[in-house]
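Each protein sequence line maps, in turn, to chains A and B.
For the first sequence, the residue numbers in full-length UniProt numbering are 1 to 79.
For the second sequence, the residue numbers in full-length UniProt numbering are 1 to 399.
In short, the hints are calculated from the structure, not lab data.
Remember, it's a predicted structure, so these values are computed and weren't measured experimentally.
We put the CB at the ideal spot given by N, CA and C, even for glycine.
Hints should not be assumed to be uniformly reliable.
As the list claims (entries may be wrong) - In silico contact screen, one side only, chain A against chain B (beta carbon under 7 angstroms); selected entries:
#1 M42
#2 I55
#3 S57
#4 M58
#5 N59
Stated by the list, open to error - FRET-style restraints, in silico, Cβ to Cβ:
#6 B:K7 / A:L39: 20 to 26 angstroms
#7 B:D104 / A:G79: 41 to 47 angstroms
#8 A:K78 / B:A379: 57 to 63 angstroms
#9 B:M1 / A:R3: 41 to 47 angstroms
#10 B:Q383 / A:I54: 51 to 57 angstroms
#11 B:D336 / A:K20: 45 to 51 angstroms
#12 B:D160 / A:G79: 52 to 58 angstroms
#13 B:G127 / A:I54: 33 to 39 angstroms
#14 A:A62 / B:D9: 21 to 27 angstroms
#15 A:M1 / B:P359: 35 to 41 angstroms
#16 B:G129 / A:L39: 27 to 33 angstroms
Unchecked claim - Simulated crosslink set (DSSO-like; lysine-lysine; CA at most 30 angstroms straight-line):
#17 B:K157 / A:K9
#18 B:K33 / A:K78
#19 B:K195 / B:K157
#20 A:K9 / B:K195
#21 A:K76 / B:K157
#22 A:K78 / B:K202
#23 B:K202 / B:K169
#24 A:K76 / B:K166
#25 B:K147 / A:K78
#26 A:K76 / B:K147
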Amino acid sequence: MDRAATAEKIAALIEPFNKKGVAITDAATFAGDLEFDSLTVMDFVAAIEDEFDIIISMNAQAEIETYGQLVDAVMKLKG
Amino acid sequence: MTDLFSKFDPIIAQREGLLATGVTDPFGLVMEKVISPTVALCNGRETILLGTYNYMGMTFDPDVIAAGKQALDDFGSGTTGSRVLNGTYAGHKAVEQALCDFYDMKHAMVFSTGYQANLGIISTIAGKGDYIILDIDSHASIWDGCKMGDAEVVPFKHNDIEAMEKRLKRVPEGAGILVVLEGVYSMLGDIAPLKEMIAIAKKYGAMVLVDEAHSMGFIGPNGRGVAEEQGCLEDVDFVIGTFSKSVGTVGGFCVSNHPKFEIMRLVCRPYVFTASLPPSVVATAATSVRKLMHAADKRAHLWENSRTLHKGLRDAGFQLGTDEPQSAIISVIMPDLERGAMMWEALLHEGLYVNLARPPATPAGMTLLRCSLCAAHTAEQVQTIIGMFTRAGKAVGII
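My request is simple: use the sequences and hints to build the entire structure.
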């Protein structure tokens, strides 16, 4: 799966958590723009992990602030 | 200059907002005199204690007190040193032996607090490249142990067996895995399905650590905790516990059958770089632990108290953390922090002390009034407590 396809899948997974319909750009932040709280983060990370069959550890999550960074991290983790 | 304290502004504002409503500061309560394990003088008023972790009522046990006094006379007020250098006294060895006997395990290591036991063991055994798979509702000391170490930290949804297995399945081949669970989760008072979870953890080659802080003394045929109750204690690699709850003093420990366990005494920094527990503390702990081995009657009475309070509060119309009483903690769910604080204050005026628990300590942003029962609460006290809750709940408009 190339970056565009991965990005599209992740964007689709964000939708149920995107209560305010914020535009998903590479620079969109989860904490700031999307207003994800810790409970949302847990459910959202689980959804991403299940979709791509990967682990995004808390250590890795700490480095991911934006949608673009998440797409890159997923690309890397699924190898 | 940037004020380093400005990051605390939101919580300062929240606290000021709450106190501006006129409620008593829930975190400012002082117990002026403690009359018994279940009664104290708070703000000049005799108050029933329902918010301590004195589950087995050992704090005023005459044998426990006598052992502490004797140790003060024989060994002095403190050790002034680390266990590794000048801080191991006969009492430390004695309490570790008492723990080995209590759990029927080969090794026991005592820390200065339960917090340090989790901090030390978790951060030391799970290192770089290892994976810690843990319940998202884990205690702060577990999270801090994860943060202090170098392992990859992977949480799963509370008590969700399938979510845990999915994560275990994805751990890279050959990586070391530590699964961290608790017997009783102290916020809602619910227990973990340890038997199923540990069986799965073992299937994936993980080592298992279970924090039994809130179960020691009264869950399981010998009071060893939820793992014993569910018949899976022998599959637990590390049991973490505390002296500050059922044992009735302060201190933490880890018991294990791991053949190399003793090396922890040299490599575990929160054990090495801190002063050991005072002689009086370990003497009271050892006496209390040994007495808890023969406390079947107290255990039975504590369970009766838990069932009675759970039913009484549910019948009165309160929303509780568990459908059935699963431990000595009965958690009453409040609609929000403001009414939780009002209810807490109304109970204090009735003469009842409970814990007001709020985020981030609580799951799902809940505000809880947490009741923890004691084997020394009489059946009459439990009825009195139900009456106080009912009156306060109506006054505040929660029921």
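Each hint tested on the structure:
1. M42: This hint holds: M42 (chain A) lies near chain B, its Cβ roughly 6 angstroms from the closest one there, short of 7 angstroms.
2. I55: Interface hint status for I55 (chain A): holds (5 angstroms vs cutoff 7 angstroms).
3. S57: For S57 (chain A), the interface hint holds, since the closest Cβ of chain B sits about 4 angstroms away, which is under 7 angstroms.
4. M58: Constraint on M58 (chain A) satisfied, holds at 4 angstroms.
5. N59: 6 angstroms, holds
6. B:K7 / A:L39: 20 to 26 angstroms: About 22 angstroms separates the Cβ atoms of K7 (chain B) and L39 (chain A), which means 20 to 26 angstroms holds.
7. B:D104 / A:G79: 41 to 47 angstroms: Given about 46 angstroms between the Cβ atoms, the range holds.
8. A:K78 / B:A379: 57 to 63 angstroms: 60 angstroms, holds
9. B:M1 / A:R3: 41 to 47 angstroms: For R3 (chain A) against M1 (chain B), whose Cβ atoms are near 44 angstroms apart, the range 41 to 47 angstroms holds.
10. B:Q383 / A:I54: 51 to 57 angstroms: Hint holds: Cβ distance 55 angstroms, inside 51 to 57 angstroms.
11. B:D336 / A:K20: 45 to 51 angstroms: Taking Cβ atoms as reference, D336 (chain B) and K20 (chain A) lie about 23 angstroms apart, which means the hint is violated.
12. B:D160 / A:G79: 52 to 58 angstroms: 27 angstroms, violated
13. B:G127 / A:I54: 33 to 39 angstroms: 22 angstroms, violated
14. A:A62 / B:D9: 21 to 27 angstroms: 23 angstroms, holds
15. A:M1 / B:P359: 35 to 41 angstroms: At 38 angstroms between Cβs, range holds.
16. B:G129 / A:L39: 27 to 33 angstroms: 29 angstroms, holds
17. B:K157 / A:K9: 23 angstroms, holds
18. B:K33 / A:K78: 61 angstroms, violated
19. B:K195 / B:K157: 17 angstroms, holds
20. A:K9 / B:K195: Violated, at roughly 37 angstroms.
21. A:K76 / B:K157: Holds, because 25 angstroms separates the two Cα atoms, which is no more than 30 angstroms.
22. A:K78 / B:K202: 26 angstroms, holds
23. B:K202 / B:K169: 12 angstroms, holds
24. A:K76 / B:K166: 20 angstroms, holds
25. B:K147 / A:K78: Cα-Cα ~25 angstroms, so holds.
26. A:K76 / B:K147: 24 angstroms, holds
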